[in-house]
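Sequences are here, hints too, so could you generate the full structure?
If you're matching positions, the sequence shown starts at 24 in the numbering used here and goes up one per residue.
No wet-lab data here; the hints were simulated from the structure. Since the structure is predicted, the reported quantities are computational estimates derived from the model, not experimental observations. From the three backbone atoms N, C-alpha and C, an ideal C-beta is built for every residue, glycine too. Certain hints may be false.
To be verified - If you anchor each label on the Cβ, the simulated ranges turn out as follows: (1) Lys96 - Gly244: 44 to 52 Å; (2) Pro125 - Asp180: 23 to 31 Å; (3) Gln79 - Glu33: 16 to 24 Å; (4) Pro73 - Glu197: 38 to 46 Å; (5) Val61 - Arg139: 31 to 39 Å; (6) Glu209 - Lys96: 22 to 30 Å; (7) Met194 - Leu89: 30 to 38 Å; (8) Pro125 - Ile187: 30 to 38 Å; (9) Arg56 - Asp154: 16 to 24 Å; (10) Ile187 - Pro218: 38 to 46 Å; (11) Val237 - Ser69: 18 to 26 Å.
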Amino acid sequence: MNKLPGNFEELARFRQGMYRIFGAAFLPPQPERLADLVAGGGVLESMGLPYLAFHQEWKPWRGALLDIDDATKIEVEYVRMFSTGVVGAVSPPTESFYTADPIRGEVGEVLADLARVYNELRLEPTGLVSDTLDHVSIELEIMSALCAREADARADDNDRRLEITLKSQVMFLEQHLGAWLPRFIERIAATDTIPFYATLGPAVASFVHHDMGVARFLVTGASHREPVR
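Following this line, the structure appears as structure tokens:
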């Protein structure tokens with residue numbers, strides 16, 4: 024039965040799931056992964072997604088996901104849209120493409136900064152694109168991990184860890200994911216692509232936009248708590 028998250032811990036788990044499913048959606052679309060996306064989408068809808076503002080953008084992507092009848096078409100389009108090749112990807116899914124000047128050597132600076140951030144957060148990228156530190160899937164997964172860490176801190180009533188984690192979420196959204204995601208999504212929108220990716224762009228953009236507001240609200244509340252004695 025659909026219902027809104029009942030408390031901040033449930034909200035953190037919901038946000039964790041949203042970032043995770045979008046991170047997986049930007050990975051190579053094997054049949055097993057597509058099946059996991061279908062299942063994960065159902066779980067998120069049962070956690071109250073239909074009642075939230077960004078459901079309007081989520082619903083078309085959910086429909087496109089459920090309508091997939093040939094994973095091969097998705098795989099071919101993924102390569103064209105997001106994988107580098109002789110002529111490069113149509114919509115490169117990496118932060119450095121949108122924020123760094125390769126002639127000035129700024130790509131290395133972006134990657135070095137991300138490596139430093141991941142080390143400070145004690146989070147290590149894993150999976151198929153783990154060697155591409157600025158890949159959109161990695162950055163979405165980092166946010167998923169931070170939301171999981173928030174939920175654990177709330178479950179343990181650890182106010183200090185909670186405040187640190189919420190500040191990390193805001194920092195990462197403002198300085199990294201949120202700083203370049205809109206331009207990435209604009210490139211997808213400007214491309215004639217299949218419904219799965221045409222609707223994925225607005226869905227993830229709307230969620231991250233709204234979640235940045237949520238994270239800023241939460242960190243303000245955490246900062247105003249009475250100190251633990």
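Results of checking the hints against the structure:
For Lys96 and Gly244, the hinted distance range of 44 to 52 Å is satisfied, since their beta carbons lie about 45 Å from each other. At roughly 47 Å, the beta-carbon separation of Pro125 and Asp180 lies outside the given 23 to 31 Å, and the hint is violated. For Gln79 and Glu33, the Cβ-Cβ distance of about 22 Å falls inside the hinted range of 16 to 24 Å, so the restraint holds. Pro73 and Glu197 have their C-beta atoms about 29 Å apart, which leaves the hinted 38 to 46 Å range violated.
For the pair Val61 and Arg139, the supplied restraint of 31 to 39 Å holds, since their beta-carbon distance comes to about 37 Å. A C-beta distance of roughly 24 Å is found between Glu209 and Lys96, which places it inside the suggested range of 22 to 30 Å. Distance hint check: the CB atoms of Met194 and Leu89 are about 36 Å apart, consistent with the given range 30 to 38 Å. In this structure the supplied range 30 to 38 Å holds for Pro125 paired with Ile187, their Cβ-Cβ distance being about 34 Å.
For the pair Arg56 and Asp154, the beta carbons lie near 19 Å from each other, so the given range of 16 to 24 Å is met. For Ile187 and Pro218, the Cβ-Cβ distance of about 40 Å falls inside the hinted range of 38 to 46 Å, so the restraint holds. A C-beta distance of roughly 20 Å is found between Val237 and Ser69, which places it inside the suggested range of 18 to 26 Å.
This entry does not satisfy hints 2, 4, going by the numbered hints stated previously.
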